[in-house]
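> Fit chain F to the given chain C structure using the hints.
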Amino acid sequence: DQQVKQNSPSLSVQEGRISILNCDYTNSMFDYFLWYKKYPAEGPTFLISISSIKDKNEDGRFTVFLNKSAKHLSLHIVPSQPGDSAVYFCAPFSQGAQKLVFGQGTRLTINP
Amino acid sequence: DTAVSQTPKYLVTQMGNDKSIKCEQNLGHDTMYWYKQDSKKFLKIMFSYNNKELIINETVPNRFSPKSPDKAHLNLHINSLELGDSAVYFCASSHTTGGAGELFFGEGSRLTVL
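So the sequence lines, in the order shown, correspond to chains C and F. Using the numbering used here, count along the first sequence one by one with no gaps and you end on 112. Using the numbering used here, count along the second sequence one by one with no gaps and you end on 114.
Just chain C, same shape as in the assembly (with noise of 0.2 Å):
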């Protein structure tokens, strides 16, 4: 019973460009939406989250979009730089049930 779908597991993107990850999502009693981002042998990083009232939120080069009526959200990085190479988990969090679900995952990796 997977709520959350990261369908892509690796992305690879061309410094400067915009990389784009995707997550869908089963559960409509979800509060936030938050993105984690991991490097190897770390611990997920929190990055950015968005309420479930809104459908964008933005901080530096960071952007996430949430469509509720789709479910899903997809997170933007422009311009790419070569230190955003992890992986990247969409997480939703529910406050009744009090836990973040995430997703598997996407790897994404910037080219130089």
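Keep in mind the hints are simulated off the structure, nothing from the lab. Remember, predicted model here, so these are calculated numbers, not experimental data. Take these hints with a grain of salt, some might be off.
Sample of chain C residues facing chain F (criterion: CB under 8 Å; computed from the structure) [stated by the list, open to error]: (1) G16; (2) L34; (3) Y39; (4) P40; (5) P44; (6) S49; (7) Q98; (8) L100; (9) Q104; (10) G105.
Virtual Cβ for every residue (Gly too), placed ideally from N, Cα, C.
Chain F only, in chain C's frame:
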């Protein structure tokens, strides 16, 4: 100064043994979690504690027993280890329950059961 620290970082042991992983956070948070990342890379919650009280207990075998001596510590004890327990275990903490899901994770403890 590490915010969420786990020990040990690597653990190799035989089937049937009992082992513990320790976690400490110095962020002043009152909620702590254990997550398991399996071979398919999914991160799944196992337990959460708020002020030493168990809040979430997912469908986890009772061979796994969390212990929270105080709100800055959440240890994970595993009895009678099985091959399927091999995974990376992440401890995390957050400011409070009822927040927006921003968790701070430790570096993970890679458990290998032979």
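> Give a verdict on every hint.
Cross-check of the supplied hints:
1. G16: Since chain F brings no Cβ nearer than about 28 Å to G16 (chain C), farther than 8 Å, the hint is violated.
2. L34: Check passed: Cβ of L34 (chain C) comes within 5 Å of chain F, closer than 8 Å.
3. Y39: violated (10 Å)
4. P40: Constraint on P40 (chain C) not satisfied, violated at 10 Å.
5. P44: holds (5 Å)
6. S49: Given a least distance of 6 Å, the restraint on S49 (chain C) holds.
7. Q98: holds (5 Å)
8. L100: It holds, given that the least Cβ distance between L100 (chain C) and chain F is near 5 Å, below 8 Å.
9. Q104: Q104 (chain C) check passes; min Cβ-Cβ to chain F is 5 Å, inside 8 Å.
10. G105: Cβ of G105 (chain C) sits 6 Å from chain F, so the hint holds.
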